[in-house]
Each structure stands twice: as structure tokens, then as C-alpha cells.
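Student: Now for the letters of each chain:
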Amino acid sequence: MQPQIVEVPKTEGPKGVDSFDVSVVVYVDSNLENAAQMYAQVAELLAKEGRTFEFLFMDDGTGPGVKFTVEAVHAVAKNVRVIRMPRFYGMSVAMMVGFTHAKGRLILTLGSFMQVHPSEISKMFTKIEEGFDLVNGWRVGRVDSSLNQLQTAAYNWLVRKVSQVDLHDTNCTLKLFKRSAVGELPVYGDNYRFLPVLAVRQGFRVAEVPVRQRREINQHGVYGAGIYLRRMLDLVTLMFTGRFVERPLRFFGSLGVMLLGSGFVINFYLMYVKYMQGQPISQRPLLILGTLLMVVGVQSASIGLIGELILFTHSKDIQSYQIEKILE
Amino acid sequence: MFTKPSISIVVPLFNEEECAEQLFTTIQGEADKLGKTYEIVFVDDGSSDKTFQICEVIAAKNPQLRVVKFRRNFGQTPAMAAGFQAARGEIIVTMDGDLQNNPADMHKLLAKMDEGFDVVSGWRYERKDDFLTRTLPSRIANWLISTFTGVHLHDYGCSLKAYRSRFLKPIRFYSDMHRFFPAIASSLAGARTAEIPVSHFPRRTGQSKYGLSRIFLVIADLMTILLITRFLRKPMYWFAILGLPFLILGSALLAFSVFQYSASSEGLVIVPSISFMVLGTAFHFILSGILAEYVVSTGETDGRSIIAVKTVHMGEGRI
Numbered sequence: 000m001q002p003q004i005v006e007v008p009k010t011e012g013p014k015g016v017d018s019f020d021v022s023v024v025v026y027v028d029s030n031l032e033n034a035a036q037m038y039a040q041v042a043e044l045l046a047k048e049g050r051t052f053e054f055l056f057m058d059d060g061t062g063p064g065v066k067f068t069v070e071a072v073h074a075v076a077k078n079v080r081v082i083r084m085p086r087f088y089g090m091s092v093a094m095m096v097g098f099t100h101a102k103g104r105l106i107l108t109l110g111s112f113m114q115v116h117p118s119e120i121s122k123m124f125t126k127i128e129e130g131f132d133l134v135n136g137w138r139v140g141r142v143d144s145s146l147n148q149l150q151t152a153a154y155n156w157l158v159r160k161v162s163q164v165d166l167h168d169t170n171c172t173l174k175l176f177k178r179s180a181v182g183e184l185p186v187y188g189d190n191y192r193f194l195p196v197l198a199v200r201q202g203f204r205v206a207e208v209p210v211r212q213r214r215e216i217n218q219h220g221v222y223g224a225g226i227y228l229r230r231m232l233d234l235v236t237l238m239f240t241g242r243f244v245e246r247p248l249r250f251f252g253s254l255g256v257m258l259l260g261s262g263f264v265i266n267f268y269l270m271y272v273k274y275m276q277g278q279p280i281s282q283r284p285l286l287i288l289g290t291l292l293m294v295v296g297v298q299s300a301s302i303g304l305i306g307e308l309i310l311f312t313h314s315k316d317i318q319s320y321q322i323e324k325i326l327e
Numbered sequence: 000m001f002t003k004p005s006i007s008i009v010v011p012l013f014n015e016e017e018c019a020e021q022l023f024t025t026i027q028g029e030a031d032k033l034g035k036t037y038e039i040v041f042v043d044d045g046s047s048d049k050t051f052q053i054c055e056v057i058a059a060k061n062p063q064l065r066v067v068k069f070r071r072n073f074g075q076t077p078a079m080a081a082g083f084q085a086a087r088g089e090i091i092v093t094m095d096g097d098l099q100n101n102p103a104d105m106h107k108l109l110a111k112m113d114e115g116f117d118v119v120s121g122w123r124y125e126r127k128d129d130f131l132t133r134t135l136p137s138r139i140a141n142w143l144i145s146t147f148t149g150v151h152l153h154d155y156g157c158s159l160k161a162y163r164s165r166f167l168k169p170i171r172f173y174s175d176m177h178r179f180f181p182a183i184a185s186s187l188a189g190a191r192t193a194e195i196p197v198s199h200f201p202r203r204t205g206q207s208k209y210g211l212s213r214i215f216l217v218i219a220d221l222m223t224i225l226l227i228t229r230f231l232r233k234p235m236y237w238f239a240i241l242g243l244p245f246l247i248l249g250s251a252l253l254a255f256s257v258f259q260y261s262a263s264s265e266g267l268v269i270v271p272s273i274s275f276m277v278l279g280t281a282f283h284f285i286l287s288g289i290l291a292e293y294v295v296s297t298g299e300t301d302g303r304s305i306i307a308v309k310t311v312h313m314g315e316g317r318i
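Protein chains in written order, with numbering that gives the first Met the number 0: chain A, 0 to 327; chain B, 0 to 318.
Hints are computed from structural coordinates only; laboratory data are not their basis.
Where hints are given, some of them may not hold.
As the list claims (entries may be wrong) - Listed below are the simulated DSSO-like cross-link pairs for lysine-lysine, each with C-alpha atoms no more than 27 Å apart in a straight line: (1) B/K168 - B/K35; (2) A/K177 - A/K315; (3) B/K49 - A/K177; (4) A/K315 - B/K168; (5) A/K102 - A/K47; (6) A/K126 - B/K49; (7) A/K122 - A/K47; (8) A/K77 - A/K102; (9) B/K35 - B/K60; (10) B/K3 - A/K315; (11) A/K102 - A/K177; (12) B/K3 - B/K111; (13) A/K324 - B/K60; (14) A/K66 - A/K102; (15) B/K3 - B/K32; (16) B/K111 - B/K35; (17) B/K49 - A/K324; (18) B/K168 - B/K107; (19) B/K3 - A/K324; (20) A/K315 - B/K233; (21) B/K168 - A/K324.
From a predicted model like this one, the values you see are computed outputs, not experimental measurements.
Work out the full structure: start from the sequences and follow the hints.
Tutor: Right under this line is the structure:
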């Protein structure tokens with residue numbers, strides 16, 4: 000298999016007819032457990048369901064060991080493609096590239112190791128046939144350490160609060176969705192991890208299915224500090240892409256008004272101290288704080304103005320609506 | 000063979016199952032009298048009731064009706080924007096989906112267009128809404144928009160409007176912009192605007208979405224529209240104007256502290272510090288202006304692309 004030249008995919012939907020019922024897109028990084036076993040288990044399940052399928056292994060610039068494992072599967076199994084990224088790009092980019100190459104009507108995504116028993120996946124197929132556009136896995140019976148579980152629960156709770164979307168496990172790598180839907184979602188940068196939230200926001204029908212985690216998998220110990228920081232940043236992203244993306248001035252402007260207002264109150268109080276109480280204020284740091292707040296408030300509002308300029312002049316890229324169908 | 004209609008009537012609908020049918024027959028009746036080819040574009044803004052099913056039934060019998068269905072509710076501006084993109088006529092007429100406008104007024108709008116105007120706006124001369132909560136706030140808002148944008152209309156909120164579509168097609172509208180379509184078309188592309196009084200019925204069902212409580216959003220929207228209609232062509236100039244008061248104030252404070260210093264060098268901390276901050280803000284505005292120049296020059300939807308449309312229009316006029 001030749002290495003593929005990778006570009007960040009555009010948001011247009013993938014072209015071509017549905018050659019298969021299901022495209023299984025597997026994200027492959029150094030955590031890959033056993034590609035051959037994964038293929039065997041999922042292929043068996045899909046064959047039992049009576050669905051035609053293809054496999055796409057998205058090799059995210061892994062080392063030679065993993066590369067050979069995946070290519071060994073490619074050599075023996077049919078309908079398997081390996082797409083190798085020239086270097087590590089992260090899950091978001093790798094998966095989006097995979098979706099543009101997929102030819103199935105449905106896309107099933109899997110992580111590097113099977114977190115759930117394959118039989119759990121058939122529940123997701125049952126669910127999507129009820130008329131949903133995307134079915135997200137919800138891992139229950141977690142086998143992580145209790146600190147990790149607590150952190151994950153808190154994170155998912157915050158995601159629900161911030162996004163106002165009632166999903167319990169957006170990060171679950173196990174997802175099943177219609178291929179036609181994914182091309183219409185504004186996926187860019189790192190926001191693939193919020194794919195279900197993006198789908199809900201664009202008006203797609205999203206459901207989640209509880210899937211039991213495999214008992215025998217051996218999770219790594221406790222999350223490092225990095226994952227905490229990353230998840231905090233994720234939440235900020237989620238907030239801004241949802242509510243304020245179309246109206247930056249509403250955010251920067253209200254922030255600016257609050258800062259300006261508090262600075263104004265402080266300086267007004269100092270005026271009172273100076274002129275009514277006759278005390279000198281020129282040595283008080285509070286005066287600097289008050290002035291600084293006013294100045295920063297004005298600057299915040301002006302950043303909002305630039306944000307609005309960016310949006311209007313680049314508004315061709317905004318997806319401000321999603322058309323479901325047009326009757327002619 | 001399919002021929003392009005000369006008029007597109009764009010109507011956003013949100014949960015209007017009760018009046019969708021009546022709306023269509025009324026519009027159709029009036030449009031038939033125009034003696035021109037037309038199409039009606041209903042945009043179903045993610046209704047949760049039977050609006051779309053009703054539209055489907057009508058569309059099956061009437062080829063003039065086209066229906067754009069949104070996946071969920073996105074709001075009035077996106078609905079209008081989708082209608083504009085779908086419309087194929089040279090002239091686009093917009094109106095409310097709740098029968099607040101009288102489709103019979105279309106004739107007046109189109110007659111005015113024939114006089115050579117590019118945008119004709121309806122003016123609800125006698126409002127049928129509550130004075131304190133609806134009419135008064137909207138009068139104030141209209142006055143502000145008129146002053147800010149320099150496009151003088153009495154009633155920006157009236158949905159009944161007619162546009163030459165080439166002024167709308169190059170612009171992608173988003174968020175709450177529907178009140179500003181004429182102002183944007185006029186200031187960016189030089190569309191000639193006019194307004195005529197139209198009749199207005201009170202809302203029959205449902206609640207209005209706008210009122211006094213949203214005053215802050217209105218102010219933010221006004222700033223945005225000021226930006227689009229005025230800043231867009233010379234951003235550096237406008238940011239410099241914004242920074243000018245800070246430059247003057249900061250320089251005055253600095254001069255004052257220099258003057259104080261020459262008298263006595265004791266305890267001179269606060270005033271110079273404040274003057275530096277204020278001057279820093281002036282500097283910030285200059286930098287913002289440069290950034291804004293970059294933004295506008297790399298953007299697609301700017302004055303140039305739309306003004307090009309106007310030039311073509313003038314050429315047509317001479318022939």
C-alpha cells in the first residue's frame with residue numbers, strides 16, 4: 000500500500016455511491032491491540048447481521064511494528080484498506096480523511112482497541128434503523144480507576160451543561176452514523192471529539208446506546224495532568240463554537256461592558272472620596288485598577304468588532320442553517 | 000421546459016400549520032394577478048407541527064411552490080437567507096409567514112420597483128401591536144438604525160419587502176440580520192431604496208419573539224450593522240476615529256503630568272500611569288485598525304464583490 004498524501008478534508012460530503020452497507024473506520028495509533036482479532040470479531044458480527052462491509056484502517060503515522068500488523072491484515076482479508084498518514088495528525092484529522100474515503104451507507108468507527116464486546120455493536124445497528132442519523136456509544140460498567148471515572152463523569156456532566164445536549168459519553172470512540180450526515184457537519188481542527196454534539200446542533204437525530212465495557216481490558220493507570228488541561232480547553236471550545244460563534248460582539252461586548260462598568264463604579268467611588276470626603280486619591284492603587292478595567296473593557300469591545308468583521312467578510316464559510324430537503 | 004420565474008416570493012414558516020394553506024392561496028391569488036411568471040418559496044424553519052406535511056400536499060398540486068425544509072429551527076435570518084439562495088427570480092419579495100402582511104400589497108411594491116428602485120420596503124403605517132411593548136421600542140430602534148446606517152426607512156422590522164435578487168445573492172446572511180437587509184444592500188452595493196405604506200394585521204396566534212427585554216442584543220446588533228455598513232470600506236479610518244478620544248485624553252493627561260513635574264517632582268505616579276494606559280488604548284485601536292484591514296482585504300463578502308454587481312447593472316441601463 001502506497002503512503003497517502005494527506006490533506007485536511009473539506010466539508011463537502013463524500014462522493015460516489017454506497018458500495019457497502021457499512022464502512023468500518025478504525026483509528027490506528029500505537030495503542031493498537033490486535034488488528035487481526037478486531038477484524039475477525041467485527042467481520043463475524045457484520046456477516047451474521049447480513050451486511051456487506053469494508054474496513055479502513057487509519058494508520059496515524061505509527062511506528063513499523065503497528066504498520067506491519069495492520070498491513071498483515073490487509074494482505075489476508077478482503078475489503079480492507081489501509082490509509083497511512085505521513086505523520087501523526089491526531090484522531091480528528093485521521094478520521095475525517097477516513098470518512099472521505101469510505102464507501103458504505105453507514106460508518107462505524109472504532110478506536111485502537113476493542114473497548115466493548117463485539118455483540119454490543121449490534122445494539123447500535125438496531126438503534127440506527129429506528130431512523131436516527133447518528134448513534135453514539137455510551138460506555139457503562141467502566142473498568143478505569145475510580146479517580147479517572149470521577150474525572151470522566153465530571154467532564155461529561157460539564158459537556159452536557161455547556162452544550163445543552165443530553166449525551167453521556169461524547170468521547171466514546173464507538174460511533175455509528177449515516178455517511179451522508181457527516182459531510183454536512185462543520186468538523187475542523189480538534190472538534191471531531193464533539194461529533195455527536197455538532198450533529199445535534201445541525202438538527203440531526205442523535206441517539207446513544209449503553210455499551211458494556213469489556214472486563215478483561217487493562218486500562219492505563221491514572222490520567223496525567225495533560226488530559227485535564229485538554230478537557231478544560233475542549234469545554235471552552237464547545238462553549239464558543241455553540242453560542243457565540245455567529246455573534247462575537249455579543250460576547251466581547253458584554254464582557255467589555257461589564258469591565259467598563261466595574262471600572263466606572265470604582266472610579267466613581269474614588270471621585271466621591273476625593274470631592275465629598277476631601278481625601279487625596281492620587282496615591283491609591285485602586286485608581287489604577289479602575290482605569291485599567293475601563294481601558295480593558297473598551298479593548299474587549301473593539302476585539303468584538305474585529306470578530307464581527309471577520310464573520311461578515313468570511314460569511315460564505317458559515318453554516319448558519321442545514322437544509323434537510325427541498326421540494327421543487 | 001423550465002423557465003426562470005421573474006418573481007420569487009420567499010416566506011419563512013415556523014409552526015404555521017393553521018395558516019399555511021390560507022397563506023399559500025392568498026399569495027397565489029395575488030401573484031396570479033401580477034401577469035408575470037412567479038414562484039413561491041416556503042422555508043420551513045424546523046417546525047415541530049404539521050407545517051411541512053401541509054406544504055408537501057400543496058406543493059404536489061402546485062408547481063409554483065417550492066419548499067425548503069430545515070433540519071431544525073435556525074431562526075428568521077437563516078430562513079430568509081436560504082430562501083434567497085433558493086430563489087430563481089430577478090425580484091425577490093419577502094413576507095411574514097403568519098399573515099401579518101397583506102399579500103395584496105405586493106402590487107404596490109412591484110410598481111415602485113418599476114420606477115427604478117432596487118429595494119422597496121414596506122412601512123407598517125398603522126401598527127396593530129401594543130404601543131408600549133412593541134410599537135414604541137421598534138420606533139426607537141428604527142430611528143437608531145436610520146441614524147447609524149444612513150439608510151433612511153421608517154420601519155426596518157416589516158418583513159414585506161421587495162429586492163432585486165442580484166443585490167442579495169452575493170451576501171450570506173446569518174444570525175439576527177433580517178432587519179438590516181436593505182441597509183446592507185444599500186450601503187454596500189448602492190441599491191436605491193424606497194418605502195411605501197402597507198397594511199398590517201395583528202398577530203393571530205403565537206407570541207412575538209422581540210420585545211423590550213432584548214435591548215442589549217439590539218445595541219450589539221446596531222454596532223454590527225454600523226460596522227458592516229460603514230467600517231467595511233475603510234476599517235483603518237474608523238478604528239482611528241474610535242481611538243482618537245483616547246489619544247487626546249492620554250496626551251492631555253501626559254501634558255498635565257509634565258507640567259506638574261516641572262513644578263515639583265514629588266509623588267508623581269498616578270497621573271502619568273493613567274495617561275500611559277489611555278495612550279496604550281489609542282495604540283490598541285491603531286493596531287486593531289491594521290488587523291481589520293487584513294481581515295477585510297482577505298475576505299470574500301466585502302464591498303468590492305457587491306459593487307461589481309452594481310456596475311453591471313449600470314451597463315444594462317445604458318443599453
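Student: Each of the hints needs a verdict: does it hold here or not?
Tutor: Here's how the hints hold up against the structure:
1. B/K168 - B/K35: holds, 21 Å
2. A/K177 - A/K315: holds, 26 Å
3. B/K49 - A/K177: holds, 26 Å
4. A/K315 - B/K168: holds, 11 Å
5. A/K102 - A/K47: Answer holds: A/K102 to A/K47 is near 20 Å, not above 27 Å.
6. A/K126 - B/K49: holds, 25 Å
7. A/K122 - A/K47: It holds: about 13 Å lies between the C-alpha atoms, which stays within 27 Å.
8. A/K77 - A/K102: holds, 15 Å
9. B/K35 - B/K60: Within the cut-off at roughly 20 Å; holds.
10. B/K3 - A/K315: holds, 25 Å
11. A/K102 - A/K177: Given pair A/K102, A/K177 holds - Cα atoms ~11 Å apart, limit 27 Å.
12. B/K3 - B/K111: holds, 22 Å
13. A/K324 - B/K60: holds, 18 Å
14. A/K66 - A/K102: holds, 23 Å
15. B/K3 - B/K32: Holds, at about 18 Å.
16. B/K111 - B/K35: holds, 16 Å
17. B/K49 - A/K324: holds, 16 Å
18. B/K168 - B/K107: Answer holds: B/K168 to B/K107 is near 23 Å, not above 27 Å.
19. B/K3 - A/K324: holds, 21 Å
20. A/K315 - B/K233: Holds, at roughly 21 Å.
21. B/K168 - A/K324: At roughly 20 Å apart (the allowed maximum being 27 Å), A/K324 and B/K168 satisfy the hint.
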